[in-house]
Amino acid sequence: MRKIAIAGWLLFATVTPASAHKLIEPGPVIGIAKGSFSATATSTWNRLQQKEGKFQEIWTIDGDHLNRVIFLGGVPDGEPLLTERDKKRDPLPKFAAQMLLPDIPVLFERTYRSYYGTPVVEVGAMEPVTFAGEQGIRFEYGYTDTQDEVERRGEAFAVVRNKQLFMIAFEAPKLYYFERDVGSFHALARSVKLAR
Amino acid sequence: MRKALALAAGLLALAQPCLAEEGYSLPAYTAAYEPRTVDERGLWMDADDYEKLWAGSPTRINDKELNDYVRRVLCQTVGRDRCASVRIYILDIPAFNASMTANGAMSVWSGLLLRVRSEAELGAVLGHEFAHFELRHSLKGFQNRRTTSDVMAWIEVLGSIAQRDVRDAQLSLIGSAYRFDRQQEKDADLLGLRYLGASSYPSRAASEVWQHLMEEADATAAGRKIRRQQRYQAGFFDTHPTELSRADYLLAEAMKIGDTGDAGAKSHYAAIAGQLPRFLASQTKLNDFAGTEYILSGIAATTGWTGELLQARADMFATRANPRDLITATTLYLNAIDAGYRRPETLRGLGLSLIKSGQREEGARYLSEYLEAVPGAPDAKLISFYLPQPTGNPK
Numbered sequence: 000m001r002k003i004a005i006a007g008w009l010l011f012a013t014v015t016p017a018s019a020h021k022l023i024e025p026g027p028v029i030g031i032a033k034g035s036f037s038a039t040a041t042s043t044w045n046r047l048q049q050k051e052g053k054f055q056e057i058w059t060i061d062g063d064h065l066n067r068v069i070f071l072g073g074v075p076d077g078e079p080l081l082t083e084r085d086k087k088r089d090p091l092p093k094f095a096a097q098m099l100l101p102d103i104p105v106l107f108e109r110t111y112r113s114y115y116g117t118p119v120v121e122v123g124a125m126e127p128v129t130f131a132g133e134q135g136i137r138f139e140y141g142y143t144d145t146q147d148e149v150e151r152r153g154e155a156f157a158v159v160r161n162k163q164l165f166m167i168a169f170e171a172p173k174l175y176y177f178e179r180d181v182g183s184f185h186a187l188a189r190s191v192k193l194a195r
Numbered sequence: 000m001r002k003a004l005a006l007a008a009g010l011l012a013l014a015q016p017c018l019a020e021e022g023y024s025l026p027a028y029t030a031a032y033e034p035r036t037v038d039e040r041g042l043w044m045d046a047d048d049y050e051k052l053w054a055g056s057p058t059r060i061n062d063k064e065l066n067d068y069v070r071r072v073l074c075q076t077v078g079r080d081r082c083a084s085v086r087i088y089i090l091d092i093p094a095f096n097a098s099m100t101a102n103g104a105m106s107v108w109s110g111l112l113l114r115v116r117s118e119a120e121l122g123a124v125l126g127h128e129f130a131h132f133e134l135r136h137s138l139k140g141f142q143n144r145r146t147t148s149d150v151m152a153w154i155e156v157l158g159s160i161a162q163r164d165v166r167d168a169q170l171s172l173i174g175s176a177y178r179f180d181r182q183q184e185k186d187a188d189l190l191g192l193r194y195l196g197a198s199s200y201p202s203r204a205a206s207e208v209w210q211h212l213m214e215e216a217d218a219t220a221a222g223r224k225i226r227r228q229q230r231y232q233a234g235f236f237d238t239h240p241t242e243l244s245r246a247d248y249l250l251a252e253a254m255k256i257g258d259t260g261d262a263g264a265k266s267h268y269a270a271i272a273g274q275l276p277r278f279l280a281s282q283t284k285l286n287d288f289a290g291t292e293y294i295l296s297g298i299a300a301t302t303g304w305t306g307e308l309l310q311a312r313a314d315m316f317a318t319r320a321n322p323r324d325l326i327t328a329t330t331l332y333l334n335a336i337d338a339g340y341r342r343p344e345t346l347r348g349l350g351l352s353l354i355k356s357g358q359r360e361e362g363a364r365y366l367s368e369y370l371e372a373v374p375g376a377p378d379a380k381l382i383s384f385y386l387p388q389p390t391g392n393p394k
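For the protein sequence lines, the chains are B and Y, in the order given. Using numbering that gives the first Met the number 0, the letters of the first sequence map in sequence onto residues 0 to 195. Using numbering that gives the first Met the number 0, the letters of the second sequence map in sequence onto residues 0 to 394.
Each hint should be verified, as a subset may be incorrect.
Calculated pairs, DSS-like style, for lysine-lysine (alpha carbon to alpha carbon, straight line, at most 27 Å) [as the list claims (entries may be wrong)]: (1) Lys224(Y) to Lys93(B); (2) Lys53(B) to Lys224(Y); (3) Lys162(B) to Lys380(Y); (4) Lys86(B) to Lys224(Y); (5) Lys380(Y) to Lys87(B); (6) Lys51(Y) to Lys173(B); (7) Lys192(B) to Lys50(B); (8) Lys93(B) to Lys380(Y); (9) Lys173(B) to Lys224(Y).
Hints in this document: simulated from the structure, not taken from any laboratory. Remember, predicted model here, so these are calculated numbers, not experimental data.
Go ahead and model the full structure; you've got the sequences and the hints to work with.
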């Protein structure tokens, strides 16, 4: 039944024009991830219509399999980072307000393992940084998508403010795309501000 | 003698028309079997592609000792002549699975190695997969489905585009040719049992595998506060018999064989010891607290609560991080250290648990020890943040 629903959804998706994607021109952008962030884009991005959770917004340059920036804004205490497909049988780990900075990469890794069903997720370097004017964490990670077996690299910045998690991550195939586009991500990340 | 009789009975049963009636003609086992028909050659080409995927997969575990061990158990179960042509690929995927393609490549997932409790249980699962191969089930299934279920095949294709869990991933052979039907599963179960009967392993281990899987599923369900998912009758579309009926008929058949022997529980854990921390880490990072607890207790039943197991259990509590969990986590980390397991990850976990429970000084002490043990740790800068500093205000 679920498969038929997916098939139906895909058919629907193919006949509906993807008009809902939005071009992000260089310049100030407000209201990212339901108003959690604002930023100044220094290059052109595309905001994707589809997202994997209510706190998320995805931007890309060439398509989300090739490079994507994930904004996760205002995840409150007790909520998962992405939408659970089945709350009871396939639950995702939840953010907790008392988490320390080193717990955030663990939460992220466990979410990816469960949500994408990938057994290959590794968190690399972690360091304390100032992000969006707050004390936060920067960490690097890598994972292999089991759908296409492509090794991807990622880099994320996160802070906890007012018991909510704010995070921005960039991920792209390790081969070529990560190195090519990580600079644009850094420029974007430097300009990010949390909505007051 | 008993074994020899059981083997003879098994071989006799294989030659009986019960299998032939259903359209299987059991080929005499030839080590260098080559595909004979157009369908079979096509299937082998697909299988070759899958095998390349496994061979180059980033999840593949190349550890020689572990690979040798799995091969030894397979050979001891199905016999040296049969196992010689099999290529084994161990993949680091924390779920219970093994599979075998038509061309003789076998994949074994780390979640299987973590869950089976003896060489005999591992042999039971490997023997089952080998039985599918020997009975040429994939060919039979392919021919059936080609004529009857093109529509279903399309749904599979569409369904697999959407990202789903690991069981739908490329690695797990969603290719419909490898979906065996219920009768084939049962035939493979029974032939697998005959291999066990002929081996030095007790054949009732096959039933125990399914009993433990049921108990684990019940533990998971209880932990998630949902109804138990055991079903006692297989539904019309189910490809596998229910776990209960498998446990039941496998035990009944094993009683007929009536063999006993050393299942090799201790030797199983000794063989996977080198990889155990890695397997445990993958399992504890899944979001299944109660199911993982069940697995850990199952291992501890044989090995006792070793440092590795205590560390894994401590990590689970530290991650769940309710206030009472932090006390349990701290205690378990200390127990691990008492058991002689003073690894950098133990010191790190203990330090952070103490800090979270408000014991900053003690926590910082263990974190400094962690940094001394691994000076170039990738998280060194972040962990230093929690040490007493002249300036700065750690969160």
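Hints versus structure:
With a CA separation close to 17 Å, the supplied pair Lys224(Y) and Lys93(B) stays within the 27 Å bound. For the given pair, Lys53(B) sits about 25 Å from Lys224(Y) by alpha-carbon distance, which is consistent with the 27 Å threshold. Between Lys162(B) and Lys380(Y) the alpha-carbon distance is near 24 Å, which keeps this suggested pair within the 27 Å criterion. For the proposed pair Lys86(B) and Lys224(Y), the alpha carbon gap of about 11 Å is at most 27 Å, so the pair holds.
Of the pairs offered as hints, the one joining Lys380(Y) and Lys87(B) is violated, with about 38 Å between alpha carbons and a cut-off of 27 Å exceeded. Annotation: proposed proximity of Lys51(Y) to Lys173(B) holds, straight-line Cα distance about 21 Å (limit 27 Å). Distance hint between Lys192(B) and Lys50(B) is fulfilled; the C-alpha atoms sit about 21 Å from each other, no more than 27 Å. Among the hinted pairs, Lys93(B) with Lys380(Y) is consistent with the structure: their alpha-carbon atoms are about 26 Å apart, no more than 27 Å.
For the suggested pair Lys173(B) and Lys224(Y), the alpha carbons sit about 40 Å apart, so the restraint of at most 27 Å is broken.
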